[in-house]
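Asks: Generate coordinates for the entire structure from the input sequences, incorporating the hints supplied.
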Amino acid sequence: MIRNYETKKATLVEIKPRAFEDESSLALHQMVANNYIRTLKLDWQYKVIFDDEIILSAGQLTHYHDCLQLAVKDRFKWYEEYYKRITGNPHLTAHKSNAEMEFLMRGWLPEK
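Under this note's numbering, the first residue of the sequence shown carries the number 1, and numbering increases by one thereafter.
Hints listed in this document are in silico derivations from the structure and should not be mistaken for laboratory results. Just so we're clear, the structure is a prediction, and the values are computed from it rather than from any experiment. Check before you lean on any hint, since a few could be wrong.
In silico lysine to aspartate or glutamate, DMTMM-like type, Cα no more than 25 angstroms apart, as pairs [as the list claims (entries may be wrong)]:
| hint | residue 1 | residue 2 |
| --- | --- | --- |
| 1 | Lys16 | Asp51 |
| 2 | Lys73 | Glu21 |
| 3 | Lys41 | Asp66 |
| 4 | Lys16 | Asp52 |
| 5 | Lys77 | Asp66 |
| 6 | Lys9 | Asp51 |
| 7 | Lys84 | Glu6 |
| 8 | Lys41 | Glu6 |
| 9 | Lys77 | Glu6 |
| 10 | Lys84 | Asp66 |
| 11 | Lys47 | Glu21 |
| 12 | Lys8 | Asp43 |
| 13 | Lys84 | Glu102 |
| 14 | Lys47 | Asp66 |
Replies: Pasting the structure below:
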C-alpha cells in the first residue's frame, strides 16, 4: 500500500514475477482486490507491478545487497535504520501509529 501524502492518492501494489503475467490466477487476484476495494468503499487503485519493472540505482542495489547479506532476523532492524536515513527524519519508523495507519488506509489526516 502506497499513499501520496500530498495528493492523498492510494495504490495497492502487488509485485509479481514476470512469469505470472499470463497466469489465470493473476486475473483472479485482480478481481478479488478490486472487489475488496469496492466493497469496503476504499479510495484505492490496484496495480500489479512485475519484478522486471523495478529498476534500482547503483546505490539502491548496493543497499539491497547489503541487506541480503544479513541474517533474516537482522533485516528489519537494518530496514528501520535505512528508512530513517532515506527520509531524513530520525524519528520516523516503519511501525505506524494509529493516525498514520488511518492516513495510509483511508487518507484521513489527524485533526489538529
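Asks: It remains to establish, for every hint, whether it holds in the given structure.
Replies: The hints, checked one at a time:
1. Our distance criterion of 25 angstroms between C-alpha atoms is met by Lys16 and Asp51, whose separation comes to about 6 angstroms.
2. With a CA separation close to 32 angstroms, the supplied pair Lys73 and Glu21 exceeds the 25 angstroms bound.
3. Taking the CA atoms of Lys41 and Asp66, the gap is near 40 angstroms; set against the 25 angstroms cutoff, the hint is violated.
4. Note on Lys16 and Asp52: the hinted pairing holds, with a Cα-Cα distance of about 9 angstroms set against a maximum of 25 angstroms.
5. In summary, the hint linking Lys77 to Asp66 is supported, as the alpha carbons are separated by about 13 angstroms, within the 25 angstroms threshold.
6. Taken as a hint, the Lys9 and Asp51 pair is honoured in the structure, with Cα atoms around 23 angstroms apart against an allowance of 25 angstroms.
7. Between the alpha carbons of Lys84 and Glu6 the distance comes to roughly 20 angstroms, so the proposed pair stays at or under 25 angstroms and holds.
8. A distance of roughly 21 angstroms separates the Cα atoms of Lys41 and Glu6; the hinted pair therefore holds under the 25 angstroms criterion.
9. Of the supplied pair hints, the one linking Lys77 and Glu6 is violated, its CA atoms being roughly 28 angstroms apart against a limit of 25 angstroms.
10. Of the supplied pair hints, the one linking Lys84 and Asp66 holds, its CA atoms being roughly 16 angstroms apart against a limit of 25 angstroms.
11. The suggested pairing of Lys47 with Glu21 holds, with an alpha-carbon distance near 13 angstroms, which does not exceed 25 angstroms.
12. As the CA atoms of Lys8 and Asp43 are separated by approximately 9 angstroms, the hinted pair is consistent with the 25 angstroms bound.
13. For the proposed pair Lys84 and Glu102, the alpha carbon gap of about 21 angstroms is at most 25 angstroms, so the pair holds.
14. Between Lys47 and Asp66 the CA atoms are separated by roughly 28 angstroms; this puts the pair beyond 25 angstroms, and the hint is violated.
In the structure shown, a violation is registered for the earlier hints numbered 2, 3, 9 and 14, in ascending order.
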